[in-house]
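Here the protein sequences come in this chain order: A and B.
In terms of this note's numbering, the first sequence opens at residue 1 and continues consecutively.
In terms of this note's numbering, the second sequence opens at residue 1001 and continues consecutively.
Rather than coming from a laboratory, the hints here were simulated on the basis of the structure.
Every residue, glycine too, gets a C-beta built ideally from N, C-alpha and C.
Any given hint could be a false lead.
Which chain B residues face chain A? A few, computed with CB under 7 Å, are given here [claimed, not checked]:
| hint | residue |
| --- | --- |
| 1 | Cys1027 |
| 2 | Ile1046 |
| 3 | Gly1048 |
| 4 | Asp1139 |
| 5 | Thr1175 |
| 6 | Tyr1233 |
Residues of chain A clear of chain B, computed beta-carbon distances all greater than 10 Å [unchecked claim]:
| hint | residue |
| --- | --- |
| 7 | Arg10 |
| 8 | Gln37 |
| 9 | Leu72 |
| 10 | Thr175 |
| 11 | Asp176 |
| 12 | Pro240 |
| 13 | Ala274 |
| 14 | Arg307 |
Number of protein chains: 2
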Amino acid sequence: MNGEFDLIARYFARPAPAGVTGVGDDCALFGVAPGCQVATSTDLLIEGRHFFSNVDPRSLGHKALAVNLSDLAAMGAKPLGCLLGLSLPSVDHGWLQPFAEGFHALARRWGCPLIGGDTTRSTTGIAISVTVFGQVEADKALLRSAALPGDDIWISGTLGAADVALRMLQGSLPTDEPLLKAVRTALELPEPPMELAQGLAGLAHAALDISDGLAQDLGHILEASGCGALLRYADLPCDPALQGLDPDLVRQAVLAGGDVYQLCFTAPIERRAAIEALAGEARVRVTRVGEIQAGAGLKVVDAQGVRIPLEAVGFDHFS
Amino acid sequence: MNGEFDLIARYFARPAPAGVTGVGDDCALFGVAPGCQVATSTDLLIEGRHFFSNVDPRSLGHKALAVNLSDLAAMGAKPLGCLLGLSLPSVDHGWLQPFAEGFHALARRWGCPLIGGDTTRSTTGIAISVTVFGQVEADKALLRSAALPGDDIWISGTLGAADVALRMLQGSLPTDEPLLKAVRTALELPEPPMELAQGLAGLAHAALDISDGLAQDLGHILEASGCGALLRYADLPCDPALQGLDPDLVRQAVLAGGDVYQLCFTAPIERRAAIEALAGEARVRVTRVGEIQAGAGLKVVDAQGVRIPLEAVGFDHFS
């Protein structure tokens, strides 16, 4: 686009980080530590589909990177760098400045510098493509297929807040301003547990990040690992802001709500103390919520041991 | 999107290549040869901006990957794999099938398997995001900043055909069916010289791929290297299909036409024979077209040594 190079220089160029060359060249070049593999993932975010047109651009810059960092966290990988593709209908400096600030602030925090990209003019809305790279010791990556019967199932952070915020912003739930204020940060400024995740590599078995809802996402681990699971609903770390809401709504938000960007992982019972210690150092809440079992399928039970049908939380909408 | 996983499985999933794991997980994992760096680049292609809505989907699948492979070629890197982000207004199997075939055929040819991605529904047009990874021995990557006074300037392939095709398809040049047939392949099915490029790593000095037009792109090398250059217009490898066209149009197409996806590179005079031999093995035409000089600025001269002003080829439109 006209002015493409100025746009990159003005908002996105940063000094090349140590070990990274080629920034501004046809490719960026980076090294990988001996014995490590590269982990990589990409997400494409479309205006009107993945974010509201009126979303705060600083939050959007943060979230565009956060959802990708969350994929690195799910593998236990340490961030190395990222690429940004940005397609904009017009050059709006009042939008670009805070978008870039939100993006860079999170990138700095987790050592994931922007090392290349592509800006272009779109004919319609905004499209944002982010690709992240990380490294993880060979054979220590947390794969979906590594859960074993007897493993504890763990959740980092809390569940449900982002879903309630999304419902209110979409209008499917009446807006309650104090509640929206309490849950909106979970939706717009997710904080994937990067430090915890790197410590889990080699300690946990399977992991993934909860993006489509716990029940569906845990189902991916079960399918890939050839296992079943029991989840204890009463133990799930429901966000405290949801207290007092309709219990059916809370169940849906906790079990089927997406946009969480926290980890669901499995680990042997004998590693409970090590995981608690790791979470303490990383200042991240972790909760044991169930166990991996032989067989197949996900069974959720309430405090009385009575099974909660997943259809009741809208789970069938996803199949 | 609804059916996202089926879409990936049906059109894009392939058996995981050797050395690549995590396909279908949160990240793909791949290794890098000892002593090598990772080279990576991303492009975001938007319907109506980078491709016509009625373009043949098989060609589009080819080109979406080709323009990214071309960035690896420009660094002398060997492809390792790629990620695809695809945002579609609807699930059109008649479009997806040939798009995937065109993409995979080129990926297979150059050993650049699709190892991950993201499909989503768009609210408007098609958006395609491709990220490529390659490897290149540390310190052998072809950087824009590595040209030295006295270097020959080389071009792979030919120039001008893609630009003439684009002008006819955009309607700024009257359509001449036999001519369009002869030049359209250059625009829609570019073939970056991957084999030549890998051989040039460690042999050539600076390189880039010609995407915005030779004069502008060579200007990036000159700026990054702190050099000037003399180009001999009569030596430029004009596409034979352009013979007989208005000489002013041909000049514009050759010097300022984009979408070429061939290399412009510089190399010391004593490597001429090695480069010719390499090009012969790779069955790619290479042509010496000028030389890097001390100083600054690009000077283009005709067969009589008379300077051709770059303004006359529309070069000022880009500044």
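How the hints compare with the structure:
1. Cys1027: Since chain A brings a Cβ to about 4 Å from Cys1027 (chain B), closer than 7 Å, the hint holds.
2. Ile1046: With a minimum Cβ separation of about 5 Å from chain A (threshold 7 Å), the hint on Ile1046 (chain B) holds.
3. Gly1048: Interface hint status for Gly1048 (chain B): holds (4 Å vs cutoff 7 Å).
4. Asp1139: The hint is violated - Asp1139 (chain B) has no Cβ within 7 Å of chain A, the shortest such distance being about 10 Å.
5. Thr1175: Not OK, violated: Thr1175 (chain B) not within 7 Å of chain A, min 23 Å.
6. Tyr1233: Violated - the Cβ of Tyr1233 (chain B) stays beyond 7 Å from chain A, reaching only about 25 Å at its closest.
7. Arg10: At about 17 Å from chain B, Arg10 (chain A) clears the 10 Å cut-off, so the statement holds.
8. Gln37: violated, 5 Å
9. Leu72: At about 6 Å from chain B, Leu72 (chain A) fails to clear the 10 Å cut-off, so the statement is violated.
10. Thr175: holds, 23 Å
11. Asp176: holds, 28 Å
12. Pro240: Holds: least Cβ distance 28 Å, greater than 10 Å.
13. Ala274: Ala274 (chain A) is indeed farther than 10 Å from all Cβ atoms of chain B, at 22 Å.
14. Arg307: The claim stands: Arg307 (chain A) keeps its Cβ more than 10 Å from every Cβ of chain B (closest is about 26 Å).
The structure is inconsistent with the numbered hints 4, 5, 6, 8, 9, although it conforms to all the rest.
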